[in-house]
Structure formats: structure tokens, C-alpha cells
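Chemist: Residue numbers (our numbering), protein chains in the order written: chain B, 3 to 308; chain D, 28 to 269.
Certain hints may be false.
[As the list claims (entries may be wrong)] Computed footprint of chain D on chain B; a stretch qualifies when at least three of its residues, placed anywhere within it, have a C-beta under 8 Å from a C-beta of chain D:
| no. | segment |
| --- | --- |
| 1 | 64-70 |
| 2 | 83-94 |
| 3 | 129-136 |
| 4 | 212-222 |
| 5 | 241-247 |
Calculated from the structure, these hints are not laboratory results.
Since this is a predicted model, take the numbers as computed values, not measurements.
Glycine residues also receive a C-beta, built at the ideal position from the N, C-alpha and C atoms.
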Amino acid sequence: MQLYLPIAEMSVNVLLILGMGGLVGFLSGLFGVGGGFLMTPLLIFVGVPPTVAVGTQANQLVGASVSGVLANLKRGGVDFKMGGVLVAGGLVGSVIGVWLFSVAKQFGQIDFVISVTYVVMLGSVGALMLNESLRAILKRRKDNSAQGKLHQHTWLHGLPLKMRFPKSRLYISALAPLGLGLMAGILVAIMGVGGGFFMVPAMIYVLGMPTSAVPGTSLFQIIFVTAATTLLHAVATQTVDVMLALLLLIGGVVGAQFGGRIGGRLRGEQMRFALAVIVLLVCLKLFADLIITPDDLYSLSLPGAK
Amino acid sequence: MSRLLWVLALLLCLPVAARAQSLAFDITAPLIAVTTGFTGAEVVVFGAIDSEGDLIVTLRAPDQRVTVRRKARVLGLWLNREAVEYPAVPGYYAIAATRPVEEIARPETLARHRLGLDNLVLESRSPGSDGAAFRAALIRTKQAAGLFPTGVDSVLMRGPRLFRATLVLPANTPVGTYQANVFLFRNGQVVGAQQTPVIVSKVGASAEIVEFAREYAILYGLLAVAFAVLAGWLADLVFRKR
Numbered sequence: 003m004q005l006y007l008p009i010a011e012m013s014v015n016v017l018l019i020l021g022m023g024g025l026v027g028f029l030s031g032l033f034g035v036g037g038g039f040l041m042t043p044l045l046i047f048v049g050v051p052p053t054v055a056v057g058t059q060a061n062q063l064v065g066a067s068v069s070g071v072l073a074n075l076k077r078g079g080v081d082f083k084m085g086g087v088l089v090a091g092g093l094v095g096s097v098i099g100v101w102l103f104s105v106a107k108q109f110g111q112i113d114f115v116i117s118v119t120y121v122v123m124l125g126s127v128g129a130l131m132l133n134e135s136l137r138a139i140l141k142r143r144k145d146n147s148a149q150g151k152l153h154q155h156t157w158l159h160g161l162p163l164k165m166r167f168p169k170s171r172l173y174i175s176a177l178a179p180l181g182l183g184l185m186a187g188i189l190v191a192i193m194g195v196g197g198g199f200f201m202v203p204a205m206i207y208v209l210g211m212p213t214s215a216v217p218g219t220s221l222f223q224i225i226f227v228t229a230a231t232t233l234l235h236a237v238a239t240q241t242v243d244v245m246l247a248l249l250l251l252i253g254g255v256v257g258a259q260f261g262g263r264i265g266g267r268l269r270g271e272q273m274r275f276a277l278a279v280i281v282l283l284v285c286l287k288l289f290a291d292l293i294i295t296p297d298d299l300y301s302l303s304l305p306g307a308k
Numbered sequence: 028m029s030r031l032l033w034v035l036a037l038l039l040c041l042p043v044a045a046r047a048q049s050l051a052f053d054i055t056a057p058l059i060a061v062t063t064g065f066t067g068a069e070v071v072v073f074g075a076i077d078s079e080g081d082l083i084v085t086l087r088a089p090d091q092r093v094t095v096r097r098k099a100r101v102l103g104l105w106l107n108r109e110a111v112e113y114p115a116v117p118g119y120y121a122i123a124a125t126r127p128v129e130e131i132a133r134p135e136t137l138a139r140h141r142l143g144l145d146n147l148v149l150e151s152r153s154p155g156s157d158g159a160a161f162r163a164a165l166i167r168t169k170q171a172a173g174l175f176p177t178g179v180d181s182v183l184m185r186g187p188r189l190f191r192a193t194l195v196l197p198a199n200t201p202v203g204t205y206q207a208n209v210f211l212f213r214n215g216q217v218v219g220a221q222q223t224p225v226i227v228s229k230v231g232a233s234a235e236i237v238e239f240a241r242e243y244a245i246l247y248g249l250l251a252v253a254f255a256v257l258a259g260w261l262a263d264l265v266f267r268k269r
């Protein structure tokens, strides 16, 4: 079953796009990541122009995140106060990110900046998470009764402007989530993704939030970031294809519901281990693309693209 | 009254003009509608010639600006390095003929009439040392996307006078006013040529979406977001009930 996408100016297989939306939506609900780091390469792989892929999947992520937040809400896994502080930081960060983006573009190496940012961010985040979750799994096997501290105390806890986050059982400086949101906002503007794969581990390891509250809170933050990105793309680049977004949404919202449910049954370290493996696989693929001799050295781009 | 006389005069002249022509043709569907169900289309060119000869049919979409980039290895990483910009590349170009074009006419004649992929005029800005490699890559990529089809013996003769050619437009073909050209060759020379427009246009829902996205970009963005939020909420509602 084929459908013509008016903005992308191409025809796609409806079932294929629904399936892609479902798969990424499932991961989104499970881990609290937006899934943009998976969806963008998938869409480009089936022939959607890169700019349309980025603009449209931002729109799709809004819907998937709403569905994911609602699914997590039932389990009580959304810290709205924490989410609000993250959003505030994220909005400032995206302004800085857009500025950095235009500077890199002036030097003509934006492609390189994007690729390297992806590989470095995915690689370091994935490795860190893999290491930690493996240790946690092994530790649990050895000693079931161990009841450690809720989280480690670091220099972050010495910062001023302390705030209480009852939902996350935290009493920390508001500057920490604000700064984290800021960094995520910068990455979102440069990489064109929701930033969840970076936020989720950062919320666990840097802020010390309980794993159960992380996916919902991260998705809550992603709603706002992706809504802003959709608007920006609709106005500035006109690359939001509502037909494509609709197909991805149908698959995505359903997938996110299933993911959210299964996520509730998984143990924290198992979830982090699975996310780490996926993040590292995507990182390896992108790294391989950078170093393996491509089949065709040449590529075309139309003025609309880029 | 005088206008009516003009029309009458024109009608009287027409048969004379038609008789002087060695070639006449038309398109079965001069308006191709790109709807949400569009998966490509066929343009059927049919017509008649006054006596035997060879035919070359071309169909060409409006020009687009295309940038061709070539990757090179820098510190072990493959990056886009050189770029050549082509300000005017046809978005679609098809050629069909009664037999291989090089048998129909000499290369100079084909070049003069710009017939065939080799004779496409593709001027480039910032031409590097190996412009030929970039040009070849451009044509190869377009062919792979089905945008430069070349079915050489695809003009079929029905008897000595009637001809018919089917040109295939892929689903990703650009919209715009295309030009269909038919050239009649005899003894390696053009003895007749005719041109007619073919309009490829988005219609219905797909056209309305594109127009709305252009005209009311902010509203379109807001609606897209609202729509996504609604879809997410609806999905949750559906699943909650179960």
C-alpha cells in the first residue's frame, strides 16, 4: 500500500512506515528516550530527504511523548517539578544551539559536526551506562540483600539554590537540572533529536533520580523541546510533512503504550543495560559510516535540502 | 463580429498548416495529477508522420539547482570535500527512439538538438579538474532514481505512419510544466519537430497541504503540534479502556 507524501515529494509504503513508528515508539515508551536518534537514520534510509526526516520526526515525537508521559503517569513516574526546571534550561540551550549551528554552517562543516557529535555523545553515554548497569546486575546476583545509598553525594550537591523534588526524593540545587536541560537543548538544536538518550542516563547518574521516575520525566521534557522544534522547522524550513507524521504517530503512539507497560516491569539496571546496548549499536553504525569507504563517493543535494 | 471573422479565417488556414507538417502528435493525459495515491505515471505520446522516418521522443521537467558532493578521507574519516554546483539540471529527462540514437543521426546532429544524456547541457559553477566525473555521478544518481530513463527502442511504429511511445514518470518525479518533444529524422537530418507541454501538478489533499504549509507556516506548525498531542492522548485513552 503506497501513499504519496506531499512535502517529502515521494511515495512510501504505508505498512513499512507504520512498523518503523511502532518499533521506535516501543523503545520510546520503554526507556523514556524520544527515539529520534533511531528514527532519523531509518527515515533517511527509506529515501526521505534528511531535512524532511528531521522536521517531521520532531512532530511525531510530540505525539509519542504525550502518549508515553500518560502511560508513565499511571505508574506515578513523572516528576513535573523536575521536568519544568529541565524545560527552562532546555529552551535557553536550544537558542545557544541554534547559534552554534549557524556558526558551524558558515565554516561549511556542519555535516562533520553533526556526525562527530553523534558518535562522541552516543559512544560515551552508551559506554558509561553499559559499565554501570553490568556492575549493578552482577552485584545483585552476588548479594541480594544489599541496600546501598539512594545515590552518591557529589560536588553537585554543594551548589546553591537548593530545591526539593519530593517525587524524585531529592534535595538538590536547581542549577544541576537547569544546566543539564541547557546542555540537552544545545544537543537538540545541533543533532535534531529529542535528546532523551542523553537526558535519561544524565538524570540517573548526575541528578541521582530513581530509575522509575526517569522515563516519564524525560518524556515530559521532550514534549516541549520537540514542539518548539516542530514550530521552528514548519516556519523556517517548511520540512514538516503531516502525512508522514500521521503514519509515524499511529505506529508510534501504539508502540509507546506497550513500551510504557513493559518498562514498568523491568528492573532499573536491566532497562539501563538494554538502552546502553542500543545506543552503542547506533554509535557503531554511525562510526562505521564515517570510516568505511562508501559505495558511492558522490551525493546529490537539491536546494530545498539543507 | 470581427472576432468571429478572425476565427473563421484561422479555421480555413488550419488544414494548410497541418498539411505542411511532416509530423503531428499528442499526449493521452496532458495533465498528470499528483494525488495522495500517486505512485508514478505513464505519459503516452502518440501521433502520425507523413512518410517513413526515425523518431526521437524526449520529455523534460523544469530545471533544478543541484549540488554534487564528493567524499574524501580526512584523518581516516570520510567527509564531503569537493562540491560542484549545477544551476540548471532537468528534474526529469526521458528519451525514447525507434532505434539506438547513434544509428539515427551523427553525434554532431544529436548534439545540436541536445538529444540524449550525453548531450544534456549541464553547466557547472566552480568546475574542478575532473568535472566529467562529477557529471557522470550526477547522471548515474538520477538514473538510479528513475529520473533519467532511457529506453532506446521504446518508440513503437504501428504501420508506416503511426507511432506511440510510453515514458514512465517515477513517484518522486518533480512537479511543474514538462515539455514533450518529438523529432522526425530522415537520412540523419531533422525534417520535423514539434513540442507540447505536459503539466505535472499536485491536486486534492496533497496540493492543499503544501499550499497551507507555505501560506500559513506558523498556523501549520501549531496545528501539527496540536494534532500530535491529540493523537498521543487518544492513543492513551484507547489503551486505558482495555
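Chemist: Give me the numbers of the hints this structure contradicts, sorted from smallest to largest.
Modeler: 2, 3, 4
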